[in-house]
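Starting from the given sequences, assemble the full structure and let the hints guide the process.
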Amino acid sequence: LGTHAMLPLLLLLLATAHGLVQIDYTPALASSELGGLVTTSTFTLKQPRCIFREHETAIIWLVVAIPEAVSSFNNSVEPGTPERAFQEFPNSTSAYMTLNTTFLNYPCPESTGDITVLRVGSETNCIKDEMRPTCNGPLPSPGPYRVKFLAFEGSEPVAETNWSEDITLGTAQSPSSISATGSGHSAGMITLTTILSILFAILLAALLAMLIFWSSDACGSSGTFSKSESVSVRRYNTHHVYDQPAARL
Amino acid sequence: MAKSDDGIHILQGLLVFGNVIIGACGIALTAECIYFVSNPHGLSPLLEASENNDISAAAWIGIFVGFALFALSILGIIGVIKCSRTLLMVYIILMLITFAFEMASCIMAATQRDFLTPNLFLKQMLERYQKSDNDKLTEQITQTWDNLMLQKNCCGVHGPSDWQDYTSAFRVTHSDADFPWPRNCCVMSAQGTPANIDGCKLGVPGYYNSNGCYDAISGSVNSYAWGVAWFGFAILCWTFCVLLGTMFYWSRIEY
Chain G
1 LGTHAMLPLL LLLLATAHGL VQIDYTPALA SSELGGLVTT STFTLKQPRC IFREHETAII
61 WLVVAIPEAV SSFNNSVEPG TPERAFQEFP NSTSAYMTLN TTFLNYPCPE STGDITVLRV
121 GSETNCIKDE MRPTCNGPLP SPGPYRVKFL AFEGSEPVAE TNWSEDITLG TAQSPSSISA
181 TGSGHSAGMI TLTTILSILF AILLAALLAM LIFWSSDACG SSGTFSKSES VSVRRYNTHH
241 VYDQPAARL
Chain X
1 MAKSDDGIHI LQGLLVFGNV IIGACGIALT AECIYFVSNP HGLSPLLEAS ENNDISAAAW
61 IGIFVGFALF ALSILGIIGV IKCSRTLLMV YIILMLITFA FEMASCIMAA TQRDFLTPNL
121 FLKQMLERYQ KSDNDKLTEQ ITQTWDNLML QKNCCGVHGP SDWQDYTSAF RVTHSDADFP
181 WPRNCCVMSA QGTPANIDGC KLGVPGYYNS NGCYDAISGS VNSYAWGVAW FGFAILCWTF
241 CVLLGTMFYW SRIEY
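Sequence lines, in order, name chains G and X. Under our numbering, the first residue of the first sequence is numbered 1, with each subsequent residue one higher. Under our numbering, the first residue of the second sequence is numbered 1, with each subsequent residue one higher.
Hints may contain errors.
No more than 25 Å apart at the CA atoms, straight line, and that leaves these computed lysine to any residue pairs for SDA-like [said to hold, decoys possible]:
1) X:K131 to G:K46
2) G:K46 to G:T26
3) X:K131 to G:S176
4) G:K46 to X:S210
5) X:K131 to X:I77
6) X:K131 to X:G159
7) G:K46 to X:D178
Hint data in this document are derived by calculation from the structure and do not stem from the laboratory.
Quick look at the structure:
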């Protein structure tokens, strides 16, 4: 807290010509626990709680700019003008201002139970509405972007924070880049196919063997299961034998 | 003769027992395949849309094979008891044909299971969920995913990041700022509406489903494929033994 009080005093000496207080606070993305922290057209910042307590009557604006505009950024340009209109960003203008609020909405101390974030890009109904230049519309491209907070009293800027680091949004690929071809065959499927093929081949071979045995009648009568009665063959003495003595005469 | 008489009776008893088991398994296979075909987990549209619906075909073949096994087992029992060569020959030939069909069904189910990778479902979901064409299958896919995400408390295939990492048919009609992911990924209140829409859009843990649905899908598909492929495989192994026994028995019957 010591440096926090020292720096504004120091910078006040340097910046008295402009009347602009430089607050040593760097806007940052909110907690990475949030699944939707950075999407393809929005991002979520931590709220600048307790930062602007020296300027309780000022209106605090969020400035979103492309990184190239940071060095030449003019703080005096008022919000709501075409030079700072969301609808003109990034084609005609290199920065826009939005999410205006007062210190009342960023009070001290920070209540640790609630989720205190600023979602940049959540207003979708004013994207094309030129009557709403301070629209908090979704960002048109993946960026990168840099943001800072700027406080205005009336038409004069009175305080600003540091510029944030580059914030890059996500890019979405086309689903046709997903390769949905199979990763080959699993071991289970190969085992199953092999074993079944072998079993089937054995069965066919056994069938063939069975048919060959049947047609060649090679299997002997030992150990057969027969259901018919045994046929006995008897020798007959025919009447030819008794005729023979008559032929010898 | 007494010894081979015992041999006959033991073999006959074994074959009758084997055929009884085959008949029972046939009924079980038919019942199981009817259960799968009746779409109990509601995932049929996803399988149908994957353009290679062999698991369904395998289940249909399983139904008919089951009936055939039951009928043939009765034929086999009669043939064994009556010691009839013709009956048993018919039995063996028809059983071999049934064996071939069931083998095809098992292999199809197992092969298709390997085909259903997470990327397949991801691509299907991105290309067809909430697509605004008037296709009936697209509507079924949308409904299937909505029900899946609601009932299993999941989002996307790998997670909600699927909707951010890829463009989709959903993204065409729903802007990223309002719908980073579909509404059904949000935790719902008792009334069926999202408990906290802003919390859901921000991705606050507890207000949206941060896990993917692939586990739920693969569980159902696995039980489907295992039921058809591996149960069929078990039946075929048993049938193999019974058939070999029957062939041996047949070759020992004298005319």
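Checked hints:
At roughly 36 Å between alpha-carbon atoms, X:K131 and G:K46 are farther apart than 25 Å, so this suggested pair is violated. About 10 Å separates the Cα atoms of G:K46 and G:T26, which keeps this hinted pair within 25 Å; it holds. Between X:K131 and G:S176 the alpha-carbon distance is near 15 Å, which keeps this suggested pair within the 25 Å criterion. Restraint check for G:K46 and X:S210: the C-alpha separation of about 22 Å stays at or below 25 Å, so the hint holds.
Between the alpha carbons of X:K131 and X:I77 the distance comes to roughly 57 Å, so the proposed pair goes past 25 Å and is violated. Restraint check for X:K131 and X:G159: the C-alpha separation of about 20 Å stays at or below 25 Å, so the hint holds. With a C-alpha separation of about 20 Å, the suggested pairing of G:K46 with X:D178 holds against the 25 Å cut-off.
The structure shown violates the earlier hints numbered 1 and 5.
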